[in-house]
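Protein chains: 2
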Amino acid sequence: MRFGVVFFVLGYLVLSIGITMMVPLVVALIYGDGDAKAFVFSVSITLLVGAALLIAFRHRKGEIRGKEGYMIVTASWVVMSIFGALPFIVSGAIPNSVDAVFESMSGFTTTGASILTDIESLPHGVLFWRSMTHWIGGMGIIVLTVAVLPFLGVGGMSLAKAELPGPVTDKLTPRMVETARILWGVYILLSVVEAILLLLGGMNLFDSVCHTFGTMATGGFSTRNQSMGAFESPFLQYVVVVFMFLAGTNFTLHFYALRGRIGSFWRSPEFRFYFVATGVVTLMIMAELVFAREKPAELAFREASFQTVSIITTTGYATADYCLWSALSQFLLLSLMFMGGMAGSTAGGLKVMRIQLLLQHVRLEMRKLLHPHAILRVRLGGRLVPDSITSMVLSFIMIYFLLLFAGTMIMTALGMDLVSGGTAVIACVSNIGPGLGNVGPTENFSEVNQWGKAVLTFMMLLGRLELYTVLVVFSRGYWRA
Amino acid sequence: MRFGVVFFVLGYLVLSIGITMMVPLVVALIYGDGDAKAFVFSVSITLLVGAALLIAFRHRKGEIRGKEGYMIVTASWVVMSIFGALPFIVSGAIPNSVDAVFESMSGFTTTGASILTDIESLPHGVLFWRSMTHWIGGMGIIVLTVAVLPFLGVGGMSLAKAELPGPVTDKLTPRMVETARILWGVYILLSVVEAILLLLGGMNLFDSVCHTFGTMATGGFSTRNQSMGAFESPFLQYVVVVFMFLAGTNFTLHFYALRGRIGSFWRSPEFRFYFVATGVVTLMIMAELVFAREKPAELAFREASFQTVSIITTTGYATADYCLWSALSQFLLLSLMFMGGMAGSTAGGLKVMRIQLLLQHVRLEMRKLLHPHAILRVRLGGRLVPDSITSMVLSFIMIYFLLLFAGTMIMTALGMDLVSGGTAVIACVSNIGPGLGNVGPTENFSEVNQWGKAVLTFMMLLGRLELYTVLVVFSRGYWRA
Chain A
234 MRFGVVFFVL GYLVLSIGIT MMVPLVVALI YGDGDAKAFV FSVSITLLVG AALLIAFRHR
294 KGEIRGKEGY MIVTASWVVM SIFGALPFIV SGAIPNSVDA VFESMSGFTT TGASILTDIE
354 SLPHGVLFWR SMTHWIGGMG IIVLTVAVLP FLGVGGMSLA KAELPGPVTD KLTPRMVETA
414 RILWGVYILL SVVEAILLLL GGMNLFDSVC HTFGTMATGG FSTRNQSMGA FESPFLQYVV
474 VVFMFLAGTN FTLHFYALRG RIGSFWRSPE FRFYFVATGV VTLMIMAELV FAREKPAELA
534 FREASFQTVS IITTTGYATA DYCLWSALSQ FLLLSLMFMG GMAGSTAGGL KVMRIQLLLQ
594 HVRLEMRKLL HPHAILRVRL GGRLVPDSIT SMVLSFIMIY FLLLFAGTMI MTALGMDLVS
654 GGTAVIACVS NIGPGLGNVG PTENFSEVNQ WGKAVLTFMM LLGRLELYTV LVVFSRGYWR
714 A
Chain B
234 MRFGVVFFVL GYLVLSIGIT MMVPLVVALI YGDGDAKAFV FSVSITLLVG AALLIAFRHR
294 KGEIRGKEGY MIVTASWVVM SIFGALPFIV SGAIPNSVDA VFESMSGFTT TGASILTDIE
354 SLPHGVLFWR SMTHWIGGMG IIVLTVAVLP FLGVGGMSLA KAELPGPVTD KLTPRMVETA
414 RILWGVYILL SVVEAILLLL GGMNLFDSVC HTFGTMATGG FSTRNQSMGA FESPFLQYVV
474 VVFMFLAGTN FTLHFYALRG RIGSFWRSPE FRFYFVATGV VTLMIMAELV FAREKPAELA
534 FREASFQTVS IITTTGYATA DYCLWSALSQ FLLLSLMFMG GMAGSTAGGL KVMRIQLLLQ
594 HVRLEMRKLL HPHAILRVRL GGRLVPDSIT SMVLSFIMIY FLLLFAGTMI MTALGMDLVS
654 GGTAVIACVS NIGPGLGNVG PTENFSEVNQ WGKAVLTFMM LLGRLELYTV LVVFSRGYWR
714 A
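If you read the sequences in order, they're chains A and B. Heads up, the first sequence is in this note's numbering, so the first residue is 234 and it goes up one at a time. Heads up, the second sequence is in this note's numbering, so the first residue is 234 and it goes up one at a time.
The shape of chain A in the complex, shown without the other chains (with noise of 0.2 Å):
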């Protein structure tokens, strides 16, 4: 490993986020509501530490090789995270350094969870800044999946690899950046058109800008303590489920379209699977709405359509208090936050594409069972499954409850009672955001006592890099040789 050239990108890094936190600090600026010192001198540090890492290992430059691939990945977010804390602890919306850096995880790694209990009486520059974190974790998240891990051999987006927009090359750098490039300007663009739809809606300005960043990302974090509940126009409502759904389609899947290949998406058995999920719980709830609640089928849909969309792309935007529900919809939707969307999206969670393989892995055991000697092999859209990556899959799986197990055991052992502990360990892992308990949609995680916080911390951060690339450098194997 040469630690220099780590650091070297990781001074680019640095330097880009100080260069972002100067739109917070004209928000700051615009409002005056005095968290403008808080930016600047934050932008300072920040740009400060960015160029003289920078400088001090200038001749570091060089390709980024194997092993060192899961560190940057890995420093990113955790570099990201602490510098992104500033300008709440400056400007002392949260002084707890622990707590900062938990809300500032909790905006890059897309999750939403939030230790704050007052979220109006933050100034606009900090409130900014929070949802921006968002947004940029996003654009990290879609271009990690779709064209870092593949690389590095990790990551449900393997088997796509070959389907990559951008030109085909053997050299990994400059195809990593076309396709970043494409990727990014779809994102951008869905980004824009949401906005603009949330501002014809009777938005504002600072909110439907907050808002479009909290659902691209499929975040959850909100400008109000009502969460997206305080707007209660269908028209804004109905826009954010269409792009929280968007948010959760593999970015891909966008840019095809826009090339005018509408029909990619049917053709992605990933899509179909994760369009007729959404669809199914949508319709069982509403029907529970309307039959057994009595709500009017245009309000009912609503309801249901919001909730259903929120948690499968996990974003956590609330407009019901699905609590309420009947034990069955509760399930449906514990169900799908588990899934999460798909693959290449910015949606957290298992990811539908993993679900798709366990269950086709599934049936062709049982079909062992009964033909010993014939060879099957696991298909997905009528191409061949490479057993390396079925396995590898599978383990992701195991992987993911062992954490959830080891997890809930901590949070439990700090003194967390198992159904807020549990979901507060499940709700990070799959950045989801709210939990159920004493951390659930009307809560918040601020009664979690600091080691807690700081598990949950490195339990988004593992949830977000599709735990093997954090794993992988906490294992003994990647210091030994």
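No lab work stands behind these hints, which were simulated from the structure alone. Any given hint might turn out to be false.
Since copy identity is lost for identical chains, a pair holds within one copy or between any two.
Claimed, not checked - Straight-line Cα separation of at most 30 Å, BS3-like style, residue types lysine-lysine; simulated pairs:
| no. | residue 1 | residue 2 |
| --- | --- | --- |
| 1 | K601 | K294 |
| 2 | K300 | K601 |
| 3 | K528 | K601 |
| 4 | K528 | K294 |
| 5 | K270 | K528 |
| 6 | K270 | K294 |
Since chain A is already given, all that's left is putting chain B on it; use the hints.
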């Protein structure tokens, strides 16, 4: 599939059930509670049906081939449960037939879930039969997992195929019979020793025998409303702890130990894991009871070890209300519940060996990331595990969770709340007995509706027969060609 062969084997089974049912008939005659007539009727019907099947299909006798094995095993437990329910229905102890089959299936699968609210009001013959179904089921399970399933290519014991006691031949049947005879010998011996110890400890003969049935089968049916909590003698409780632990151990190890090879226990990596897991959790809970709840050390150790062993072996007896313990202790017990005891024992759950293979597999996948070109294989206790076995074990764990998922969905759709519905399914699939909430240790399954009971009855069957055996019979492929 030759149904004639299947019916012929089932004829034998029904006849055997009829004969064993004569034991509770004798008990009923001794106590004279008025249930003797019900047993005379049940025994007659059962013997008649058994004889009729044997005679009708006497020409169909023949070697059992691959596919037929699955059908025979699945049908065996169904048939046992139906005929086993007769005494409950006819005596009027459980007039509803869905309830009676639930109770009977719970007995034969050694689950221990009950729909009865006042156990002590039942006549002695019925109570004895209820406990005896455990013992018969346990006997069936040992032979099934150690001798039958490995030859069908199913179950955690496939691994240990080469280690089975009994002469090694190429013929399937002679070896199975020999293995069965040896294991039953061990099972009966341990049962006799436990019953004598319980008698010496002051239990009456009836309770000694019934609790021996419940212990050795890791079932959990008791003759008292307070379960084992009705017996306050430390000696009695320790005897039950020791024998529950032994019943959760692979019976082939007992066989070797009886032959003087005591070291076999510790040489088994599965036993070491089982022993250490039990020990660590016991000590952790004991520490809580001593330091946080100020109980005397002996009582703390007794309560901790009893509850821990009862849960890891999926027996379900209780001497303390663990719902009052800390969240961490409850979580540890919940985890042991999922794991269960050793393969080749009467315990339920996923089995220790599967958890070990899972952990090995995950470790390996992590190492593969760092050494993409290394050839790494799963090992257990130094022995290489074939990929096909690892793959099947992973699928098993996946199917197990998918089943919990599907079962919980059905139970919530039938109107149960999430915690009660979810834990009812876990308790039945893992053959534990009590769940939490409305089906918790101080409650029972009487309030579950009829459809729910039917589903849970099926879940017990699935869990007990290692999922695959039953699922294969219900697959489309099984009936094709």
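Results of checking the hints against the structure:
{"no.": "1", "hint": "K601 with K294", "verdict": "between (52 Å within a copy, 28 Å between copies)"}
{"no.": "2", "hint": "K300 with K601", "verdict": "between (37 Å within a copy, 12 Å between copies)"}
{"no.": "3", "hint": "K528 with K601", "verdict": "neither (49 Å within a copy, 54 Å between copies)"}
{"no.": "4", "hint": "K528 with K294", "verdict": "neither (62 Å within a copy, 63 Å between copies)"}
{"no.": "5", "hint": "K270 with K528", "verdict": "neither (50 Å within a copy, 58 Å between copies)"}
{"no.": "6", "hint": "K270 with K294", "verdict": "neither (34 Å within a copy, 91 Å between copies)"}
When each numbered hint is compared with the structure, violations occur for hints 3, 4, 5 and 6.
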